[in-house]
Amino acid sequence: MIQKKICMLGTFAVGKTSLVRRFVASIYDGKYHTTVGVKTDKKVVQAGGQEVMLLLWDLQGEESAQDLRRSYLRGTAGYLLVADGTRNDTLYAALALQAKAQETVGMVPFTLLLNKADLTEQWSITERETAALEQKGWRVIQTSAKTGAGVEEAFLTLAQKMVEG
Amino acid sequence: MDTEHITEDRAQEVRDEALRTDDVAADDASMAELRSLLLGPAEAQIAETHERLTDPQRQLKEVSRVLPAAIAARTRQDQELSEALAPTVAAAINHTVRRNPQPLVDAIFPVIGPAIRRAIAAALSGMTQSLNQTLTHSVSAQGLKWRVEAWRTGKSFGEVVLLHTLLYRVEQVFLIHRETGLLLQHVVAANVAVQDADMVSSMLTAMQDFMHDSFKTPEGAQLEGVELGDRTLWVEQGPLASLAAIIQGKAPQDLRVHLQDILERIHFQFNEALRDFAGDAAPFVAAQPLLEDCLQVQFDEQKQVAAGGRKPSPLVSITGVFLVALLLLSFFVLRRAWRWDAYVESLQREPGIVVTEARKHYIFGKYVISGLRDPLARDPLALLPEAKVDPAQVVSRWQPYQALSPEFVLARAQSLLAPPPTVKLTFANGVLAATGFAPHQWIEETHRTARFIPGLAQFRDDQLLDLERIERPLLMFELSAAQLVPGQEEQLRQLTADIEHMLTVAHAMRKRVRLEITGHTDRSGPEERNLTLSQERANTIAAELTARLTNSPDLMIVPVGTAEKVREELTEADRAVNRSVTFKVVLLDAQ
Chain A
70 MIQKKICMLG TFAVGKTSLV RRFVASIYDG KYHTTVGVKT DKKVVQAGGQ
120 EVMLLLWDLQ GEESAQDLRR SYLRGTAGYL LVADGTRNDT LYAALALQAK
170 AQETVGMVPF TLLLNKADLT EQWSITERET AALEQKGWRV IQTSAKTGAG
220 VEEAFLTLAQ KMVEG
Chain B
831 MDTEHITEDR AQEVRDEALR TDDVAADDAS MAELRSLLLG PAEAQIAETH
881 ERLTDPQRQL KEVSRVLPAA IAARTRQDQE LSEALAPTVA AAINHTVRRN
931 PQPLVDAIFP VIGPAIRRAI AAALSGMTQS LNQTLTHSVS AQGLKWRVEA
981 WRTGKSFGEV VLLHTLLYRV EQVFLIHRET GLLLQHVVAA NVAVQDADMV
1031 SSMLTAMQDF MHDSFKTPEG AQLEGVELGD RTLWVEQGPL ASLAAIIQGK
1081 APQDLRVHLQ DILERIHFQF NEALRDFAGD AAPFVAAQPL LEDCLQVQFD
1131 EQKQVAAGGR KPSPLVSITG VFLVALLLLS FFVLRRAWRW DAYVESLQRE
1181 PGIVVTEARK HYIFGKYVIS GLRDPLARDP LALLPEAKVD PAQVVSRWQP
1231 YQALSPEFVL ARAQSLLAPP PTVKLTFANG VLAATGFAPH QWIEETHRTA
1281 RFIPGLAQFR DDQLLDLERI ERPLLMFELS AAQLVPGQEE QLRQLTADIE
1331 HMLTVAHAMR KRVRLEITGH TDRSGPEERN LTLSQERANT IAAELTARLT
1381 NSPDLMIVPV GTAEKVREEL TEADRAVNRS VTFKVVLLDA Q
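Chains A and B, in that order, give the protein sequences.
In case it helps, the working numbering puts the first sequence at residues 70 to 234.
In case it helps, the working numbering puts the second sequence at residues 831 to 1421.
For the record, the hints were derived by calculation from the structure and aren't laboratory data.
For clarity, every value in this text was computed on a predicted model and none was experimentally measured.
Hints may contain errors.
Stated by the list, open to error - In silico EDC-like pairs for lysine to aspartate or glutamate, Cα to Cα no more than 16 Å straight-line:
| hint | chain 1 | residue 1 | chain 2 | residue 2 |
| --- | --- | --- | --- | --- |
| 1 | B | LYS1046 | A | ASP136 |
| 2 | A | LYS108 | B | ASP1043 |
| 3 | A | LYS111 | B | ASP1043 |
Based on the sequences and whatever the hints tell you, model everything.
Okay, here's the thing in structure tokens:
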């Protein structure tokens, strides 16, 4: 079985841990837990006609990209950039993190997740922003760790891209 | 692509040439034509040769084609090439190390470790040796303690030793890809509960990264181990992979060296696979035997040796000797006490002995025994060797007394009355009874003495034959003849009966008796004739008795003539008495 390391990147409280928990254990817990350092988890998925074991590194949310602990990124086969759809600034934090990640591990597959898609009325990321990123060839997926919407898709899409190389 | 370039360059050259030639006279064109006519196909070859000589790209290709063979050929020939290259190579290495040492570190990693370790191991082995000895001697009383524990818990000593000397056991070994933290291979010892190895692998890597980041450790510093309770996690880092071992107990530094060694071999064997790893751990199945080699279990042999007593330390020896001495001493003390008790018990069973006190003297450690003893009872001191008690350790105080138990009355009677061997005494209900036969005198004395024997009420001899019944009667003969005086038939019959009785008793008692038949004569007639006559008379009676007795008697004829007269011859009646035969019973084996 192929194994792949995936990192979850994003600033504070965007829902990285919740997404992992939803994906791995189908659990959602509204309470906020701060991740200290890193937490690892794993899940086996089908991608590209084979089983792939995803080792998920849920990194501690950092206030700015400068604080990103680059050593965690080492050897990652792909990453999920997570932004909180209700907090516009988190998108820009995600962009900064992406730049830093690319600088560290080079061009590896990644996907941008706009989380908390269930909170539509508080949504603060515009269509234009999303479209601009997609224009650059980014894959953007709206997710909700609370309802589970888009979560499976987000991970599987990334797995697919990683397997394709 | 290259060829395209070359053709383009070539075209450019041709164009330049053409421009230059335009300035020259037009008849040059006809010259060229002439040349081409003259040289024909060779012109192309000349151009080709020219190109080969001037085109650096072409030259590069040509040289690269022959370079390896040329180097090899020259190296075989002499050292010049090596000498020429040496400064360049040195400079190149120098440059590489300055720019990025990692590739060089990666390259020499598998060889430098063993070399360094070998040197260090040699230096340390002497030191370790003496340290081991010190350790062996300092664990001392342990063995003894374990023996007690084994005895207390009912386990075998061996089991206890193994339990205590389990130094360490490697339970799991993880081979982890350094870059990604992904698990490459994992082995587990038997009977060990396994966690999710993939997660452990990731988390271990994450943990190291976390520590690096959190404590800002210098580059190259590595997490070497984590301890929790009796479990230790050891991590060995290589450039491409790391080895993590979960160990129960205290593992020696040797094990770390072993782990390093294995990790180096993995780097050597799987170098490419590690470098190109993209998530597929399949190639690393082949590393399983190497990892299994790390699943070691070790018991502390020194402790086992110390405990087993093969090489006991002085303290162990002393304690051991002391313990053995203590055991021996208590054994002897106990045995002595048991023997004493047995002796006292045997005395209490002994007739004629009454033990009133038997104790150990606390100050002198001697045994003191006192009581009553019938003089006829067995000597208590004589019983000591039988009971294996040292007489020197015993103080005896015996008061004489007379036991009234039947066997003592009988024994006392035996001792006082000294019955002849043909008498058997029995005692019951106060009555002493004699059977067999005895001289008249003994019977008379016994009647007198028996009264004074304590515990004896009566002496009965009605079953006892008084030998007087045989020895007193005499059988009288006719004058100067060997014929019995008539009318003695009844007397002869009674005598025969008594002799018969005596012989029967003697036979029953397995005693041999002889009956002496003495012939007598009176003093009339010559002595020579008297001797013959006395012999004839005795013969007559002997024949008569032999004929009458059932038991064949041992008879002895004693002719005495007038030598042993029965009575002084004063009257005719005296003479008649002297013409007779008398009897005497002789016990042959009196002793």
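With the threshold set at 16 Å, check whether the alpha-carbon distance from LYS108/A to ASP1043/B stays at or below it.
holds (15 Å)
Pair hint outcome, LYS111/A versus ASP1043/B [Cα-Cα no greater than 16 Å]: violated (23 Å)
Practice prompt. Take the C-alpha atoms of LYS1046/B and ASP136/A, compute the straight-line distance between them, and say whether it is at most 16 Å.
Written response: At roughly 13 Å apart (the allowed maximum being 16 Å), ASP136/A and LYS1046/B satisfy the hint.
In terms of the numbered hints stated before, the structure departs from hint 3 and from no other.
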